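Visitor: Residue-level listing of the chains:
Protein chains: 2
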Amino acid sequence: MAGQERLVVCTTCRREGWLPDELRDGARLSAALTQRGVAHDIQECFSACSNSCVVTLRGPGRWTYVQGGLDPDHDLEEVIAFARAYQASADGIVPWRERPEVIRKNTIARIPPLED
Amino acid sequence: MAGQERLVVCTTCRREGWLPDELRDGARLSAALTQRGVAHDIQECFSACSNSCVVTLRGPGRWTYVQGGLDPDHDLEEVIAFARAYQASADGIVPWRERPEVIRKNTIARIPPLED
Numbered sequence: 001m002a003g004q005e006r007l008v009v010c011t012t013c014r015r016e017g018w019l020p021d022e023l024r025d026g027a028r029l030s031a032a033l034t035q036r037g038v039a040h041d042i043q044e045c046f047s048a049c050s051n052s053c054v055v056t057l058r059g060p061g062r063w064t065y066v067q068g069g070l071d072p073d074h075d076l077e078e079v080i081a082f083a084r085a086y087q088a089s090a091d092g093i094v095p096w097r098e099r100p101e102v103i104r105k106n107t108i109a110r111i112p113p114l115e116d
Numbered sequence: 001m002a003g004q005e006r007l008v009v010c011t012t013c014r015r016e017g018w019l020p021d022e023l024r025d026g027a028r029l030s031a032a033l034t035q036r037g038v039a040h041d042i043q044e045c046f047s048a049c050s051n052s053c054v055v056t057l058r059g060p061g062r063w064t065y066v067q068g069g070l071d072p073d074h075d076l077e078e079v080i081a082f083a084r085a086y087q088a089s090a091d092g093i094v095p096w097r098e099r100p101e102v103i104r105k106n107t108i109a110r111i112p113p114l115e116d
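First to last, the protein sequences are chains A and B. Residue numbers for the first sequence follow UniProt numbering, so the first one is 1 and each next one is one higher. Residue numbers for the second sequence follow UniProt numbering, so the first one is 1 and each next one is one higher.
By construction, these hints were calculated from the structure, which means they are not laboratory data. From a predicted model like this one, the values you see are computed outputs, not experimental measurements. Using N, Cα and C, we set each Cβ at its ideal position, and we do this for glycine too. Some hints could be false.
[As the list claims (entries may be wrong)] If you only want the chain B side, here are some residues facing chain A, beta carbon under 8 Å, derived:
id, residue
1, Q43
2, R58
3, V66
In isolation and in its complexed conformation, chain A is listed as follows:
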């Protein structure tokens, strides 16, 4: 994401069935986003492990969204689509109809913007 809006990916997230010898699912999601040229920050643990994989979208003056239940093998396009819609929005609120289903169904929390 090019502006002050930031997509942040948990790189320590591991989903059920993850094998210890494998790269963590969250790290794979981050690598896949990098490969697609999608700028993002990384974070070791959002303390939302039971809902992994987890990403956060936030920015100054915007609502913050914490999204979980993401599968790096299946939900990459949805994460990218939501991140772009978030960036295009005025305040971080993406209209419901523009939210991919995996996003609609797995909002862990939304947090209002900080007041000045």
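For this one, chain A is given, so just place chain B on it according to the hints.
Guide: Below, chain B alone, put in the same frame as chain A:
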């Protein structure tokens, strides 16, 4: 909370067993905090309903914590203690031993500070 750190309480939260004729549990938590003189903001829905009651602690340059599983009848002192410890901390991270048990066990998400 007196500084730029803010405690935000969801006033639409309702726990299992809540009765439709009653004030919502989150609104009761907010009222109880007001009665104790604890400044806070209110928010209609953090989209974390399955973990109600929910509060958020955040501030400029600080980690944001989303905390759930709060019972307005039993956890008021714990919410106040955690809010004060958060305010006293440098960056929003309260040492583990200073976190009340209901806070330790019910962190929905933590989000790193926005970078400048």
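Visitor: How about Q43 (chain B): closest beta carbon in chain A under 8 Å, or not?
Guide: holds (6 Å)
Visitor: Would you settle whether the hint for V66 (chain B) is holds or violated, based on the nearest Cβ-Cβ distance to chain A being less than 8 Å?
Guide: holds (5 Å)
Visitor: Does the nearest C-beta of chain A fall within a distance shorter than 8 Å of the C-beta of R58 (chain B)?
Guide: holds (7 Å)
This entry satisfies every hint, going by the numbered hints stated previously.
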